[in-house]
Each structure stands twice: as C-alpha cells, then as structure tokens.
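Make the full structure from the sequences, and use the hints.
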Amino acid sequence: MFLKKIILISTLVFLLSQVFFAQNNEGVISGNFATTIQLYNEDTIINSAYPDHRLGANSFANLNFNKGNFSAGVRLESYLNPLEGYPQGFNGSGLGYRYANWNQDGLDVTVGNFYDQFGSGMILRIWESRDLGIDNAMDGLKVKYNPYKGIYVKGLIGKQRHTFNDGLNNGNGIVRGFDGEININELFDSTLLDSKLQVTIGGSFVSKFNDDNKTPDFILPKNVGAYGGRIAARYGKFRFFGEYIYKENDPYADPNFEDFNYIYKNGEGVLLNLGYSQKGFSVDLNAKHMDNMLWRSTNSTVQPTELMIGFMPALSTQHFYALAGTLYPYAPNFRGEIAFQADVLYKIPKKTKLGGKYGWDIGINYATAYAPERNFLNDDSTSRKSYETKLFNLSDSMFFQDINISVTKKINKKLKLKLQYLNFVFDDRTVEVTESKELIFADIAIADFTWKINEKHTLRFEAQNLWTKQDQGNWAYGLIEYTYSPHWFVALLDQYNYGNSIEEKRVHYVMASAGYIKGPHRFSVGYGRQRAGVFCVGGVCRLVPASNGLTFTITSSF
Amino acid sequence: MKNLFTTFITLFLFSTVAFCQLPNNVSLKDMDGKTVDISKLSNNGKPMIISFWATWCKPCKEELNTMAELYDDWVDETGVKLVAVSIDDARSTGRVEPYVNQQAWDYQILLDPNGDLKRAMNVNNVPHTFLLDGKGNIVWDHNNYAAGDEKKLYAELLKLSKK
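Going down the list, the sequences are from chains A and B. Here the first sequence is numbered in our numbering, starting from 1054 and rising by one per residue. Here the second sequence is numbered in our numbering, starting from 97 and rising by one per residue.
I should point out that these hints are in silico values taken from the structure, not numbers from a laboratory. One or more of the hints may lead you astray.
To be verified - Below, a list of computed lysine-lysine pairs in the PhoX-like style, where the Cα atoms sit at most 25 Å apart: (1) B:Lys154 x A:Lys1249; (2) A:Lys1207 x B:Lys136; (3) B:Lys248 x A:Lys1509; (4) A:Lys1207 x B:Lys125; (5) A:Lys1400 x B:Lys154; (6) A:Lys1332 x A:Lys1290; (7) B:Lys125 x A:Lys1471; (8) A:Lys1467 x A:Lys1410; (9) A:Lys1404 x A:Lys1332; (10) B:Lys136 x A:Lys1571; (11) A:Lys1471 x A:Lys1400; (12) A:Lys1505 x B:Lys154; (13) A:Lys1403 x B:Lys136; (14) B:Lys142 x A:Lys1467.
Stated by the list, open to error - Where chain B lies over chain A, by a calculated footprint (3+ residues, C-beta under 8 Å): (15) 1330-1341; (16) 1573-1584.
All C-beta atoms in this analysis are idealised placements derived from N, C-alpha and C, irrespective of residue type, glycine included.
Listed below in structure tokens is the structure:
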C-alpha cells in the first residue's frame, strides 16, 4: 500500500508540475500486448492435456508513460485459465507490475517493481520470461548512480514476486544488494579511452533475510550473504571474462538426496570465458564450476522457478530446431556441476576455390557437464557441511555432452542450405526430464533448405531425424513453410515417433499453422497435435504436456 | 489499484499524441564493455535502424545477414546506421562477438542481457526492428522476419531520406 501511495503521489506531483510549468516535450504512452489462447481436444493416444475448463488463455499488456526524465508503467496480466504446462502460481487477472522511475544527471531512481542483473547474473538476476512463466520481479527501491566517469554503482532492496493470484503476491524474504563497476578506460579517458586494452572490474554483495523456517529440527540462518567480483578485459582480438561468487551456507530441504538436505555448506561459483575473434574466424571457450549455488529468498520448498535470486546459466547451445531443442535439453544441476564449452566459427571466404561465389559458414560446438568430485565428511550430526569440493575437480560422472557441427551454404541467389549434425549423451538419471530416467544416446541430423522463389515469396523445408535406442526411440520431423513478405505465412509440420517401442505410440503429430503480420502486430493460428516438450531455463526444466487442439496468438506493441 | 488506474487515465489525457522516442533511463554496454546511454544514440540527423536479435534466434540472424549484404548501399544512399541489440543472456553473451565477427557485420552492437531496452521499447519477441528518423522518432517498426521484409524497410527508409 505504502509503495502504491508513493507512486500515486509522485505521479500527481509530476502532473501538477506539468500544469504549472508547461513544457514543450509532450508525454508519450506506449505499450505492448500479447495473448495466447489454446482450446484443448481429447486425444488419449498422445495422452494430451485435457483440462475440465477446455480452454487456456494467458495474456498481458504493458503500459508505459514517459515524459522527459520521468516514466511510470503497469502490467496487467490474465491467466484464465493458465495454459497447460505453464508453471503453477499464475492465476486470475490483475495487476502484476507497476513502477515509477526518475532519471537525471546520472541518478536513476525506481520505486515499485523492477528487474536488474549484477554481473553475469550468478549472484543476482531479477528477470522475466513471459513465455516460460518466469517472473521474480523485485518490489521495492532501486537506485543507480554514475558519480564519476567510468564509475557505476547501484543498490536495491525489495521483496520478490512469488505468485500471481488476481494480482501480485510477494514472497516474505527481503533481498538487499549492492553492485559497483569501474570501467578503467572511461575513468582515465584522456589516455586510455581507445587503448588496445580495455578493462572493466566489478564487485557485488547481496544478502537476503527470511524467517520462514518450516523445520523444528534445524536452526537456519535468517540472514544469508553472497559476494564476489568480476573482470572483463579485451586486448585486440582477445576477450576475457571471469567472475567468482561465494555464497554463505543456506540450508534448504532436499527430499531426494540426504547428502544435500539441510546442509550448512557454503556455495561457490566460477564462470570463465576466453574468446578470440577476427573477421571470418572465432574461438570461444567457457568453463564453469558451480557448487551449492541454489539461491532463493526463501528456505521453504517452492516451485522450481519461484523466488530465485541467482541465475545458473547452462554452458550449452540453445538449439532452435525442434528435435534438437525440446527433447533432451540440458539444464544445469543446481546441486553442483563443472561444465565446459568450446565454440569455433569459421567462414570459408567467398570468391575462393573452396568457398565458391558466396563462401561457407561452418560452426563446431562442444559442450559437456560433470558432477564435481565430492569428498563426503559424514558429519550429519556435527557441522553438517556434508562434503568438500575443489575448484574444477570433476568426478567421472558425466551429466551431459553435446557435439554438433553445422554448415550453411548459399548455393545461388535463390537457394540456401543449412545442414547440422548433433550427438547427445544425456544422463536422464540425474537430469530427470523424460519418463525413462536412463542414460540416453542420441544422434540428430537436420537439413534446412530455403528457396526464394522471388522477392516476396519464399518456401522453406526442414527435415530432421533423431536416432536413439532409449526413451521414445527414433523421431522424424518434416516442415514446409511458405512466406509471403511482409504479411503472410502458412506452415505444415509433422513429427513422427516411428521408433517408439510401443506400437500404438508410433503416431504422427501433425500441426498446421498460419499467420498474418502487419508492422508490430502479429496474429497466428495453429491446429493439430503438439508433442510434449521440455523447456529449460536458469537451471530449471519444465515439461509441457502433449496437446491437441487450436492455438491462437496475438502480439502487438504501440 | 483504482487509484493507479485513475492516475494512468489522467496521465493519458495529459499526454498528447507524440512519437515514441528512445527511452532515457536505459544504458547498455557495447562489446568493449563501454556504457552507452540509449537516449544519446544518434546518427547526426540521419535515420537509424534498431534491430533486436539473439544468437539463438534463426530469423533474427537471417534478417541481419540479409541486411548486411545491402548495408553498404543503404549507407551510401541514406546515411543510415544500424544498431543491433543482442538480448542473449549469460548463457550465450560470449557467442555474440564471435558471430558478429564471423559474419563481418558493420553494425553497432549493444548487449541487453536482462532485457532492459527490450522492455522499455515494448518488444514482445525477437526479431523486432525499428526505424527512427533523424530526430530520433520511431516512425516504423516490424515484428518477425520473412525473406523480403527488408524491401519494406528499405522503402520506408527511402521515404525518410527524401523528406
């Protein structure tokens, strides 16, 4: 209530000032809107989602007002009923977000709801993804200040969005954070601004307070702190980023593993990135060690995506082709993992013997993740630290591996071909996103062929195949898509689980869709079967069930 | 809640029709780590294209690659500048620069890992491309990309430079 009053008063004060000191710059209202409506049919063969209410509708609209240095906004949200597979905790209609912001001379103040990120986000990432159903918006105060050239500081305090039930419901925990960053080259701009060596250093401190201990067996710390530093540097064509975060012990219930249940172990996270790139060629290397870094503003058990303070990036490619992207996607193990990734991009130059008229793009990617080597202490009844780890000391238990190579070739003015091959090893005994819970080996081949018929008309074909002896067996995928620029598209796709060991489950998932786009407005409609898919983000995977029916979406902005 | 609505309606009444401009409370970093105040983005009175993309977004890359082939001509004819805003987060920000260099894009690249500019410009999903006139007014925008859409953008761009 207090915050709402602040927003109200500040906007009124502003309005009055506008009346009395009429200015030339006019206020502007802008916003956006999106709705997805799904009508469900019964389809027992694919075990489709078939809720009693038959229809799901997720919608939101943002409205922003801006005038000079002042802005304010609201978001209205509606989940009537939430789409099947959308995370729990989104229900009804109401106000999900509101803020007022004022910005002048390097000082930026936000009251109400806000999003932000410190460094890579390991220590704090307040963000939203409306498609995935993630929103951990803070509700409180954020101040950013740029006191001197090259020096940036920000501080924030607030509660986090927990659920939505005809309106915003905040969690009980309070998050307090401070972050400072110095860009050395901006600071000493007279001599270093355009130096070959560019360096930025930063440091963060975040603490949370919560008093929601649900267990009589343990005394839990009510205040938990996390802190760390980072450096980003560039020298010519080389680039380096490193961040280290240390989190104090923050016990929580882990019903599946006693070794992680209410343990008083500190957590730590390291992210390293080294890259070299020049025109037509680049190498990018990543390494990550994260242990016991689940970081939420509560000690209670909540839904996986709720009340997250820190972000756990997966060191793997987010694949956009369907069979590669949503059957066996990897999400980091929140208890701990050591991961590596290497990426090489090369362009065989155009107008060479090998490259031909247009050249070739080649991409090679390797990603893997392991459990850390844990030295268990057997101290359940004493210190309860449970185990020790050493940085980048990995065990031989591999969670996941992805090796993939892609080639893109423009054949002539009208034809373009992209081929990709992927090899996955996916230990579902630990990742647990399929029903089979076994070690899965999969190979995927993809061909994507674009035929530009003329300036406005384009046909695109996609053929994919996945081979595996585990889980649901082999899959084939075919897509044909026709676009008529700039307004229309129609597409037909079929996914066929021909290798399923259960004969009745060897079914086709056929989906037809069409859409109309006009500037910032987009309408689309789809009808058919949707395969169950797994969507992973920030260390959390979510299974969206199979469905059969009609889907209608509108997105728009103004 | 009612109060808030009243406030907004009042604000709406007070605000007359005006072009949307770039937000004045967002700063992003470029690939050197330097901070760029978005309200100060300009192209000396010439038009500017702002295109939101991500390394995991296939149509985005198609759009920017197609425009890369035409970009030199567009710059010669209209003086336009293209700013490509990547919304990749910590999982893939490291891949932005390698990709940009592989494709040898001449665009100004900005990083928006937490969607600050995306939110401020009401972008629902990528690709989303804006055209700004020399005064920084958003005169045209388009969501999605299909081959050929760049023609429409080019036509709008020519309209601007003939004014």
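Hint check:
| no. | hint | in the structure |
| --- | --- | --- |
| 1 | B:Lys154 x A:Lys1249 | violated (33 Å) |
| 2 | A:Lys1207 x B:Lys136 | holds (21 Å) |
| 3 | B:Lys248 x A:Lys1509 | holds (10 Å) |
| 4 | A:Lys1207 x B:Lys125 | holds (16 Å) |
| 5 | A:Lys1400 x B:Lys154 | holds (18 Å) |
| 6 | A:Lys1332 x A:Lys1290 | holds (10 Å) |
| 7 | B:Lys125 x A:Lys1471 | violated (32 Å) |
| 8 | A:Lys1467 x A:Lys1410 | holds (13 Å) |
| 9 | A:Lys1404 x A:Lys1332 | holds (16 Å) |
| 10 | B:Lys136 x A:Lys1571 | violated (29 Å) |
| 11 | A:Lys1471 x A:Lys1400 | holds (14 Å) |
| 12 | A:Lys1505 x B:Lys154 | holds (16 Å) |
| 13 | A:Lys1403 x B:Lys136 | violated (37 Å) |
| 14 | B:Lys142 x A:Lys1467 | violated (32 Å) |
| 15 | 1330-1341 | holds (count 9) |
| 16 | 1573-1584 | holds (count 3) |
The structure is inconsistent with the numbered hints 1, 7, 10, 13 and 14, although it conforms to all the rest.
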